[in-house]
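Q: Chains as they are written, first to last, in the numbering used here: chain A, 28 to 581; chain Y, 449 to 756; chain L, 2 to 628.
Think of the hints as simulated: they come from the structure by calculation, not from any bench. It is possible that some hints are incorrect.
Sample of chain Y residues facing chain A (criterion: CB under 7 Å; computed from the structure) [unchecked claim]: (1) E663; (2) L718; (3) G748.
To list a few chain Y residues with every Cβ distance to chain A over 12 Å, as calculated [stated by the list, open to error]: (4) E510; (5) L511; (6) G513; (7) I566; (8) E594; (9) A636; (10) H687; (11) G713; (12) P731; (13) R746; (14) A752.
Since this is a predicted model, take the numbers as computed values, not measurements. C-beta: ideal position from N, C-alpha, C; glycine also.
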Amino acid sequence: MFGAGGGTSSYKEIEETDLIILWGSNAREAHPIFFHHLLKGLRRGAKMVVVDPRRTSSARWADVWLGIEVGSDIALAHAVGREIIRAGLVDTEFVGRATTGFDDYAASVEPFTLAEGERLTGVPAWAIADLAHSYARAGRAQLCWTLGITEHHTATDNVLALCNLALLTGHVGRYGSGLVPLRGQNNVQGGGDMGALPNKFPGFQDVEDDAIRARFDARWGATVPPQRGWHLAQMFDAMTRGDLRALYVLGENPAQSEADNHRAVRLLEGLDHLVVQDLFLTKTAQLADVVLPAAVTAFESEGTVTSSERRVQRLRPALRPPDGVRSDIEILCDLAGRLGHDWGHPSAEEVWDECRSLSPMHAGMRYDRLEALGGIQWPCPDEEHPGTQFLHGRLWEEDPEKRGPPAPFSLVHFEPPLDELSEEFPMRLTTGRRLDSFNTGVQSGGYASPLRRPETLDLSPEDMASLGVAEGDAVRVTSRRGSITAPVHLDRSLRPGLAFMTLHFPDQADTNALTLDTWDPQSGTAEFKATAVRVERLPETVGAHLVTEPAKVG
Amino acid sequence: MTTVAPVALRRQVEVMIDGQAVTTWQGATILEACRDVGIEVPTLCYLETLAPVNVCRVCVVELEGSRALVPACSRPVAAGMVVHTGSERVRTSRRMVLELLASSVDLSTAGGDVHRWIDEYGARPDRHGEAAPPSARDRAHAGHHEPLEGGLVATVAQPVKRDNDQYVRDYAKCILCYKCVEACGEEAQHTFAIAVAGRGFDARISTEMDVALPESACVYCGNCIGVCPTGALMFVSEHELRARGEWDESRQEVTSTICPYCGVGCTLELHVQDNRIVKVTSPLDHDVTSGNLCVKGRFGFEFAQGDR
Amino acid sequence: MDLRTTDAPPSTTERLAVDSVLGPPESGWFGGERTPLDGHFALGGVSRAASRRHLLLPTLHALQEQVGWISLPALAYLCQRMDLPPADAFGVASAYALFRFESGSPVVVHVCDDVACRAACGGDPTDELAARFGPAGTGTSVTWQRSPCLGHCEHGSAALVQKAGAGGGRTSVAPFVTGDMDRLVASGPDLDLGELPAPLALVPQRGAQGLRLLRRVGRVDPASLDAYRAAGGYEALRRAIELGPAGVIAELKDAKLLGRGGAAFPTGDKWEAVARQPVRPHYFVANADESEPGTFKDRVLLDHDPYALVEALTIAGLATGAHMGYVYVRGEYPVAARRLEHAAGQARIRGLLGEDIMGCGLRFDLEVRRGAGAYIAGEETALCNSIEGRRPEPRNKPPYPVERGLFGKPTGVNNIETLLSVLEVLTLGGAAYARVGTPGSTGTRLFCLSGRVARPGLYEVEMGTSLGTLLDLGGGVAEGRPLRAVLLGGAAGSFVGPKDLDLPLSFEGARAAGASLGSGVVVVLDDTGDVTAVVARVARFFRDESCGQCVPCRVGTQRQEEVLGRLVAARPFGTLDDELALLADLDAVMRDASICGLGQTASSLVSSALQRGLLGGAHGTKGGQGG
């Protein structure tokens with residue numbers, strides 16, 4: 028945000044802040060050790076507000092839980108912003124000195140009165156006002172989010188709406204105040220850092236910047252195409268158009284992880300050539316023309332990953348991979364050789380050193396320094412630099428020179444979820460993780476978790492009663508795209524009209540057969556969180572044995 | 449860019465330990481001051497990452513002006529303190545603490561230090577008498593017990609609790625150091641699945657009314673295993689290898705890497721024997737985890753085992 | 002808090018019992034009906050849960066009394082209401098003897114078999130019960146259990162009757178004879194606790210000239226505030242208001258008043274230390290968890306002069322800057338708790354507690370909290386934990402409660418006798434008070450005379466009075482038999498013999514003789530008295546009452562009981578010398594390395610008996626070392 032693709036703060040800061048807002052994040056289950064840091068903050072007296080449609084296990088630690096309607100995040104953020112402005116709680120000095128676009132922003136949120144906020148989000152007007160006042164008045168405040176914010180068709184706008192609140196109150200660029208997107212996977216951040224984005228080189232350098240591209244061209248001895256590429260959703264669209272005919276998939280399982288996965292499978296099957304590099308013969312790998320068996324990155328190979336606090340840390344091999352299985356670097360270099368480019372057989376450290384030479388924010392992260400310091404937080408521009416605890420401190424500099432370009436307010440528009448509720452599809456299905464499982468279960472399915480229970484459609488007690496179903500009864504869940512059956516599970520954290528499923532057990536209950544693959548135009552993330560569904564009770568004889576045991580997945 | 453948080457300045461104080469002037473920081477404990485100058489003070493219930501509960505009392509030292517001995521692990525230094533760590537009183541109390549524990553608890557899988565201390569301090573656990581058979585300690589009622597007949601002496605022996613696939617609880621090995629309760633509770637995990645229940649010699653670690661772990665609040669983070677000093681809490685993998693006589697730490701390698709699950713970036717220490725992960729820990733001194741993990745990081749490694 | 006526990010719902014009775022303390026549920030998230038608002042909004046969090054935790058013990062009491070036991074669904078409901086983890090709540094509940102976790106007889110009779118009652122009857126008071134009604138714990142509608150001292154020692158026998166269900170509660174019966182048990186068994190579950198006669202207090206000096214602390218006991222209606230005022234009540238508070246906080250503390254210092262709870266700490270210094278703490282709020286706690294075997298003085302004072310404590314605590318609040326006080330009454334004293342509640346209620350109605358006491362702007366109120374069968378809760382930091390709803394485990398000291406006590410705030414803790422002595426200090430004036438007693442031990446002191454003495458009861462004498470004079474006041478050894486020994490100070494005290502009757506009953510006098518006044522216990526053993534059995538009972542007492550926190554006390558009290566068992570049975574493990582050496586080592590580690598006073602004194606009576614050669618089976622020429 029504000030030009031850098033990472034969270035602004037460190038875990039330590041949440042221990043020493045005054046107000047914690049978890050917005051669309053069930054960190055208690057999805058980021059348990061981050062939640063330890065958060066709990067230290069609560070023990071020290073920080074207050075916490077959790078914004079989430081469900082009263083999750085994280086929300087149960089909150090002083091205040093606000094149960095918003097799924098997908099109404101921008102409406103809530105705008106109502107909070109408007110109330111901060113109305114109550115005269117804007118940090119005018121910070122806004123005047125370090126931001127641009129305030130007037131337009133103020134005008135854009137003007138329609139979002141507290142009453143309108145309540146109408147759109149379901150959260151009582153007074154509770155919205157309370158949130159606005161506590162955030163604006165807090166000495167320090169951390170605003171954290173996860174996929175509850177980003178798995179919507181308005182993902183980027185959702186994030187920007189939250190960033191606006193931080194600018195309004197000056198809760199960024201200071202110790203203990205910041206914006207914290209919690210990364211869902213161990214190297215989501217690192218993927219971005221390394222340029223695994225359609226428009227970025229390593230270090231978030233713009234592909235479309237000629238000067239930058241020239242440096243890479245020179246170092247690599249090759250010409251990088253001058254335009255940005257496609258993100259995942261655009262790739263699938265390109266497959267639909269027939270513009271994309273061959274695909275090389277590394278460590279992803281789109282056949283099961285994509286929204287509207289029946290469409291995804293169809294498109295993958297229609298490719299001329301599909302290469303999959305993975306640990307297992309995943310559903311996607313089963314569709315492939317070539318499968319390249321890969322070592323387990325974290326346990327069998329060398330490299331680095333970057334965490335949600337921008338900390339680059341080293342991976343080390345602890346296990347010998349099975350025969351014939353190689354690390355990603357080995358496979359890629361061999362592949363380059365087959366394609367006529369001799370990359371040699373570089374070590375992970377040599378690859379990393381090349382990256383450091385091209386990415387200024389990684390320049391100081393020598394392997395031995397990563398080792399000695401227990402990881403380093405970027406940016407780390409030189410080999411004396413200790414790493415950076417929080418970003419954007421420059422915005423607070425008195426000297427305009429040091430302060431640099433101001434941070435812009437963003438104008439974003441509220442749009443409710445595309446998959447509208449109707450008489451035919453009256454219920455909102457949302458998705459999320461369980462503590463002991465992960466994504467489509469490729470990794471987490473392998474161990475005998477004492478917590479694991481089969482996939483269920485989780486319903487409020489009220490909805491169970493009105494459907495006339497009891498725990499474990501089978502129901503049919505139908506969306507505009509597909510239909511699946513699943514047993515029901517009572518979940519008191521849900522209100523009437525709201526249902527929940529995970530994506531962990533695609534072989535048991537194919538949740539992504541229901542979800543909508545409309546994606547956010549900027550990030551390419553699909554709307555996993557908001558599906559309109561109809562739930563129907565099945566005749567008892569049908570469902571009794573549908574899903575009985577936690578299957579091993581992957 | 450501004451990068452670091454402000455650090456409070458700390459004052460220095462000078463204390464005398466075993467006749468030696470020791471300069472340390474205000475707020476440091478006697479234990480820390482001793483360790484600074486290489487004086488060994490045995491500890492059992494102390495751990496760097498937990499607030500001291502000072503219950504085992506094996507770390508007691510003699511503090512001039514104090515009627516009773518004081519626990520080194522939790523007593524902060526004060527300027528001018530005079531401390532003796534090797535006096536007869538100190539040695540007697542440490543010997544007796546070790547002796548009382550060894551006479552009532554199975555210490556066979558406790559760390560090597562414990563056995564060394566038992567020898568060094570001359571504890572004689574066998575002088576208390578013949579151990580009584582295992583008992584149903586979870587049913588003890590506070591304030592009521594029947595003295596043992598026939599001169600038998602009580603121990604904490606009881607059957608192993610094995611009620612889930614990931615770890616076993618062998619409370620016959622429990623010295624009641626409170627570490628697991630602290631790690632499960634306020635010091636880290638905040639799950640509070642276990643607590644000390646009962647009192648006196650019947651005090652024990654228990655879920656509510658001793659329900660099995662799957663019926664309790666336990667989330668199998670294993671942070672209790674990470675802090676257990678005696679092996680009372682153990683991975684099933686370790687428990688089974690030990691039962692088969694195949695557990696061999698000399699053949700194990702420990703490799704640090706980063707957890708393959710969420711984006712928090714927890715350091716895992718993989719304990720590998722014969723190319724299989726047999727245990728997972730996390731370093732106490734790493735700021736991200738302070739030694740703690742979640743169920744996925746602790747136990748979710750099976751996908752990488754074997755031939756796939 | 003993300004609690005997870007049984008889904009089984011509580012019974013209606015259980016729900017009502019919990020709600021009787023906590024009030025109706027605040028929302029659907031905490032046990033109530035779910036409303037549309039609950040779908041979009043909830044309060045919760047660490048501080049909300051922390052602010053309710055202190056209601057744990059009262060809620061457990063409500064379940065125990067109204068249901069008779071604490072079931073898992075009841076515990077789960079309580080925890081949902083309080084946002085408290087069930088394992089944590091169970092850890093607390095299971096540390097108390099008076100809570101049960103299995104259903105059983107609705108009527109439980111806890112029968113004292115402790116040192117004073119043992120000394121009085123010359124044996125085990127429960128032998129006959131066991132012979133007539135079967136072993137402890139048997140019986141369907143009525144059962145009996147052994148109990149440590151119930152604080153009715155002057156009667157020589159006592160029971161606490163606990164009844165569950167409608168009309169449930171607790172009441173004391175003293176003296177308690179086999180015939181009483183017959184009647185209880187006969188009425189079974191229909192027992193009406195109200196029909197059992199309230200035990201009387203034996204104050205043989207009643208009406209005597211010069212009584213201070215006991216002057217109203219048995220002469221002034223304990224229910225009547227008017228009667229209390231007519232007998233000089235609230236003069237001390239009026240005086241305190243005139244003096245102001247610093248003036249009150251100065252009077253206490255002039256009076257050289259030392260605490261009567263056992264540690265003999267100067268009361269004025271303690272109050273001043275609390276008053277000076279900058280952290281707010283301050284609290285003041287009256288420690289009425291009188292559980293030291295052989296002690297019954299607080300019971301007599303609370304039962305018969307409850308307004309005096311209300312007044313004294315108000316003065317403590319004034320002097321230390323505390324606006325809230327707690328009286329922690331041991332669970333075995335139901336009458337005291339009821340009378341105190343009544344007295345506080347009357348005082349509140351009359352403007353003697355609350356926002357503007359006596360119209361002079363003083364703000365103070367108090368709450369009565371009941372213990373649930375745990376001797377250790379009388380240790381001041383364990384007591385703070387108990388009120389807070391935590392396990393009654395002593396805390397590491399320093400910090401002391403004056404700095405960080407109840408709820409982590411500066412807290413004064415005083416024994417009941419000490420607080421009532423404050424009234425005398427203010428009435429007489431500090432200097433005048435200091436002229437009573439000895440220079441080192443000013444004022445008068447209460448002694449609990451029991452065992453084989455002609456006129457057992459509570460006595461008030463000037464500090465420094467000799468032990469012999471006190472025994473003479475009590476009419477000497479019962480039936481004129483020879484004296485074998487006096488247990489002085491309590492279970493953590495020591496034995497003195499017939500040659501020690503000149504011992505001055507003052508702090509310094511006792512200390513010089515290697516003894517301690519403790520809580521004023523004087524249990525008389527005649528020539529038929531079985532000292533070994535008494536010592537074994539004390540060893541059992543400490544084994545039962547250790548909180549279990551630290552190794553020296555947890556395992557040491559167990560081992561000490563085992564050694565004594567072997568000595569009683571004359572079956573030593575190894576030689577007698579081996580056993581004596583072991584006792585000496587146990588004494589050393591418990592005394593030197595235990596966390597609190599319980600462990601540090603758990604071996605003192607054993608050592609004392611050994612030193613004096615009083616232990617049958619171990620006629621020690623070698624003896625223990627302690628004392």
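Q: Regarding the hint that Y/E663 lies at the interface with chain A, is the smallest CB-CB distance below 7 Å?
A: Hint violated; Y/E663 Cβ to chain A Cβ min 11 Å, cut 7 Å.
Q: Can we trust that Y/G513 is non-interface, i.e. its beta-carbon lies farther than 12 Å from all of chain A?
A: The claim stands: Y/G513 keeps its Cβ more than 12 Å from every Cβ of chain A (closest is about 34 Å).
Q: Report holds if the minimum CB distance from Y/P731 to chain A is greater than 12 Å, and violated otherwise.
A: Since the minimum Cβ distance to chain A is about 8 Å, Y/P731 lies within 12 Å and the statement is violated.
Q: Would you check whether the claim that Y/E594 is not at the interface survives, using Cβ distances to chain A and the 12 Å cut-off?
A: Holds: least Cβ distance 36 Å, greater than 12 Å.
Q: Please settle this one: Y/R746 was flagged as non-interface, so is its CB more than 12 Å from every CB on chain A?
A: 10 Å, violated
Q: So is Y/L511 really clear of chain A, every C-beta pair being over 12 Å apart?
A: Given a closest Cβ separation of 30 Å, the condition holds.
Q: Given Y/G748 was flagged as interface, is its beta-carbon under 7 Å from a beta-carbon of chain A?
A: Holds. Min distance 5 Å.
Q: Determine whether the non-interface label on Y/A636 survives the test: each CB of chain A must be over 12 Å from its CB.
A: The claim breaks: Y/A636 does not keep its Cβ more than 12 Å from every Cβ of chain A (closest is about 6 Å).
Q: For Y/H687, is the shortest CB-to-CB distance to chain A above 12 Å, so the non-interface label stands?
A: 14 Å, holds
Q: Over 12 Å from every CB of chain A: does Y/I566 meet that, or does the non-interface label fail?
A: Holds, since 34 Å exceeds 12 Å.
Q: Holds or violated: Y/L718 as interface residue toward chain A, Cβ cutoff 7 Å?
A: Interface hint status for Y/L718: holds (4 Å vs cutoff 7 Å).
Q: When you look at the beta carbon of Y/A752, is every beta carbon of chain A farther off than 12 Å?
A: 4 Å, violated
Hints 1, 9, 11, 12, 13, 14, counting from the list given before, are not met by this structure.
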